[in-house]
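Could you put together the complete structure from these sequences and hints?
The letter at position 196 of the sequence shown is residue 382 when you use our numbering, and the numbering goes up by one with no holes.
The set of hints was computed from the structure by calculation and includes no laboratory data.
Fair warning: there could be bad hints in the mix.
[Said to hold, decoys possible] Here are the simulated lysine to aspartate or glutamate pairs, EDC-like style, with alpha carbons at most 20 angstroms apart:
1) Lys475 with Asp554
2) Lys439 with Asp230
3) Lys635 with Asp230
4) Lys726 with Glu556
5) Lys673 with Glu708
6) Lys439 with Asp616
7) Lys232 with Glu442
8) Lys510 with Asp494
9) Lys232 with Glu641
10) Lys336 with Asp256
11) Lys235 with Glu311
12) Lys726 with Glu612
13) Lys479 with Glu559
14) Lys232 with Glu448
15) Lys525 with Asp515
16) Lys561 with Glu482
17) Lys481 with Glu559
18) Lys481 with Glu276
19) Lys578 with Asp591
20) Lys242 with Asp312
21) Lys635 with Asp515
22) Lys336 with Asp270
23) Lys357 with Asp723
24) Lys357 with Asp667
25) Lys238 with Glu448
26) Lys357 with Glu612
27) Lys525 with Glu628
28) Lys475 with Asp591
29) Lys242 with Glu206
30) Lys506 with Asp495
31) Lys561 with Asp667
32) Lys475 with Glu612
Note that this is a predicted model, so its numbers are computed, not measured.
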Amino acid sequence: MAGDLSLTKIVNQKGISVTEATKRIADLGWAPSYFEEILKYPTDYKVEKAPKDPMKQVLRSYFPMQEEKDNRVYGALDAALRGDMFRNVEPRWIEWQKLFLAIIPFPEISAARSMAIQAQIAPGEDLRTGFTMQMIDEFRHSTIQMNLKKWYMENYVDPAGFDITEAAFGKCYATTIGRQFGEGFITGDAVTSTNIYLQVVAETAFTNTLFVAMPSEAARNGDYALPTIFLSVQSDESRHIGNGHSFLMSIVKEPENLDLLERDLRYAFWQNHAIVDAAIGTIIEYGTKDRDKNKESYAELWHRWVFDDYYRTYLLPLEKYGVKVHHEDVEAAWDRIVKSNYVHKVAQFFSFGWPVAFWRIDGMVDEDFEWFESKYPGWYNEFGTYWENYGKASLPNQPPLMYLDSGYVYPHRCWSCNVPALIREEFCVDEVDGELYTYCSELCRWTHKVAFAPEYNGRPTPAMGRFSGRRQWEECYHGWDLADVVKDLGFVRSDGHTVIQQPHLHMDSSKMWTLDHFKGLEVRSPLLDLRAMSQADREKHIAQYQAGFTCKPL
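Right under this line is the structure:
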């Protein structure tokens, strides 16, 4: 009988349904039943109910689908070159992609690693297949994003910066913020990091701003490559959201988990707001040259996707399961964006720190001023003088703006989210284990002191872990000469003299900053300086910092 079985007959056999295939795969079982498996990744949650696989994906349906998407991606890149995209794309936009594409592949890889953790802690066999598919998704996302970065480097007029993004990541004053974001997927309690931080909050609440708003703005700036890549990425997120919700439903009915869920939803939402809104809001609002007043601002996009779609339709229904949702946190995040101008203050900080960046940061001009004022009334009164100063100080005939008397005060950095304390009135200080730390907000202080503590509400939480290490960029270069810092970072062009980063888009060598322009300028850590102060001087400094500053014309 075996002799009658040909390859053609095997291929032409009637297949079973995807549902039946999923059931058979689950029946195979991953874990031996003759001993109790020791959890490699600990959790303080009670995880006993086996989650169900909502998508029932199997390899025979998964790979053809992903192959088709990849073919579209690489076909679009080829078409963009044939269409001479780089003659029309806005340099301001592409320069900001040096930062964005230095950061985003790392969270994708962290998400892939996160699925290996979650697959081990999830009981039963059903959803482990779903986690496997998600892990492959995340590897694919990182790969096509890395390829996009290489493609930009090969074709953009100024590739410097694209060529060092992997080395620059984790060392730059801005990319360390992205590292904090990505490491949240794989550190701390296994459920907290993989399910709540990654799937329930990052993927469900914030991927629209990452993978839909960014492509839209890219297309407005003549970049048709990034939309193809990132909309392909976003097409996978619905499955990831389904995986996360299924796992969440498997733990939410255990009463002893409710306290931890309350804690983790607060921590994860606030960290995602602080980091994602800082980075993506800045790139969308300040990396664009398109000033169509009919398009939505980042604040309007946030209200639609985070407030309406996520908070009202996803978070609020969790209350019927006994989960305490902190409505005031969502309101506070919204107020920070629209009342405290959070995104604009991040853009101000990024541009102020340009000497330690690895991309060019174009200044704002009258057309930008007009658009910002129409979308954020009062913007010019708060930020107009700063950006006028930035333009005046863009050429190397004086020290960088960071070292001029412009009124802007270099900010303290938050120990929890790693974003500087830019809303000055929310700046706070506290001691943890006898050491002084600075925070951008009360919720970030709570995150460090309460959420990541040995106990939570009297319950031991050993799996949560602790914040540790040299978390603040400025601390690593405290007391260094700025020229030595830039050389140590590797942010120097091939001539060994001209720096990669510039506060303008000029290519004329006479307008380019060099290491010589940075010599004799000292880098300081605000945190280390604060710790060195007397109690009286420290209290005075904190009060002055919270009072804010006023920019004055140069």
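Do the hints match the structure? See the list:
For the given pair, lysine 475 sits about 8 angstroms from aspartate 554 by alpha-carbon distance, which is consistent with the 20 angstroms threshold. Of the pairs offered as hints, the one joining lysine 439 and aspartate 230 holds, with about 15 angstroms between alpha carbons and a cut-off of 20 angstroms not exceeded. This hinted pair checks out: lysine 635 and aspartate 230 have alpha carbons roughly 18 angstroms apart, not beyond 20 angstroms. Proximity of lysine 726 to glutamate 556 is assessed by CA-CA distance (about 38 angstroms); at most 20 angstroms being required, the pair is judged violated.
Proposed proximity of lysine 673 and glutamate 708 is supported: the alpha carbons are some 14 angstroms apart, at most 20 angstroms. Distance check on the hinted pair: lysine 439 and aspartate 616 sit about 36 angstroms apart at the alpha-carbon level, beyond 20 angstroms; violated. Between the alpha carbons of lysine 232 and glutamate 442 the distance comes to roughly 7 angstroms, so the proposed pair stays at or under 20 angstroms and holds. Our distance criterion of 20 angstroms between C-alpha atoms is met by lysine 510 and aspartate 494, whose separation comes to about 19 angstroms.
Simply put, lysine 232 and glutamate 641 have alpha-carbon atoms about 16 angstroms apart, close enough for the 20 angstroms limit, and the pair holds. Straight-line distance between C-alpha atoms of lysine 336 and aspartate 256 comes to about 16 angstroms, which keeps the hinted pair within the 20 angstroms bound. A distance of roughly 11 angstroms separates the Cα atoms of lysine 235 and glutamate 311; the hinted pair therefore holds under the 20 angstroms criterion. Between lysine 726 and glutamate 612, the direct Cα distance comes to roughly 16 angstroms. Compliance with the 20 angstroms bound is thereby established for this hinted pair.
Our distance criterion of 20 angstroms between C-alpha atoms is met by lysine 479 and glutamate 559, whose separation comes to about 10 angstroms. For the hint linking lysine 232 to glutamate 448, the alpha-carbon distance of about 15 angstroms falls within 20 angstroms, and the restraint holds. A threshold of 20 angstroms between alpha carbons decides the hint, and for lysine 525 with aspartate 515 the separation of about 15 angstroms falls inside it, so the pair holds. Restraint check: the Cα-Cα separation between lysine 561 and glutamate 482 comes to about 9 angstroms, which is no more than 20 angstroms; the hinted pair holds.
Restraint check for lysine 481 and glutamate 559: the C-alpha separation of about 14 angstroms stays at or below 20 angstroms, so the hint holds. Distance restraint check for lysine 481 and glutamate 276: the Cα-Cα separation of roughly 18 angstroms lies within the 20 angstroms cut-off, and the hinted pair is therefore satisfied. Between lysine 578 and aspartate 591 the CA atoms are separated by roughly 13 angstroms; this keeps the pair inside 20 angstroms, and the hint holds. The straight-line distance between the Cα atoms of lysine 242 and aspartate 312 is roughly 8 angstroms, inside the 20 angstroms bound, and the hint therefore holds.
Between lysine 635 and aspartate 515 the alpha-carbon distance is near 18 angstroms, which keeps this suggested pair within the 20 angstroms criterion. For the proposed pair lysine 336 and aspartate 270, the alpha carbon gap of about 17 angstroms is at most 20 angstroms, so the pair holds. For the given pair, lysine 357 sits about 31 angstroms from aspartate 723 by alpha-carbon distance, which is inconsistent with the 20 angstroms threshold. Under the criterion of a C-alpha separation no larger than 20 angstroms, the hint pairing lysine 357 with aspartate 667 is consistent with the structure, at around 16 angstroms.
Our distance criterion of 20 angstroms between C-alpha atoms is broken by lysine 238 and glutamate 448, whose separation comes to about 23 angstroms. A C-alpha spacing of about 27 angstroms is found between lysine 357 and glutamate 612, which places the hinted pair above 20 angstroms, so the restraint is violated. The suggested pairing of lysine 525 with glutamate 628 holds, with an alpha-carbon distance near 17 angstroms, which does not exceed 20 angstroms. Between lysine 475 and aspartate 591 the CA atoms are separated by roughly 29 angstroms; this puts the pair beyond 20 angstroms, and the hint is violated.
With a CA separation close to 9 angstroms, the supplied pair lysine 242 and glutamate 206 stays within the 20 angstroms bound. Taking the CA atoms of lysine 506 and aspartate 495, the gap is near 18 angstroms; set against the 20 angstroms cutoff, the hint holds. The suggested pairing of lysine 561 with aspartate 667 is violated, with an alpha-carbon distance near 40 angstroms, which exceeds 20 angstroms. Between lysine 475 and glutamate 612, the direct Cα distance comes to roughly 32 angstroms. Violation of the 20 angstroms bound is thereby established for this hinted pair.
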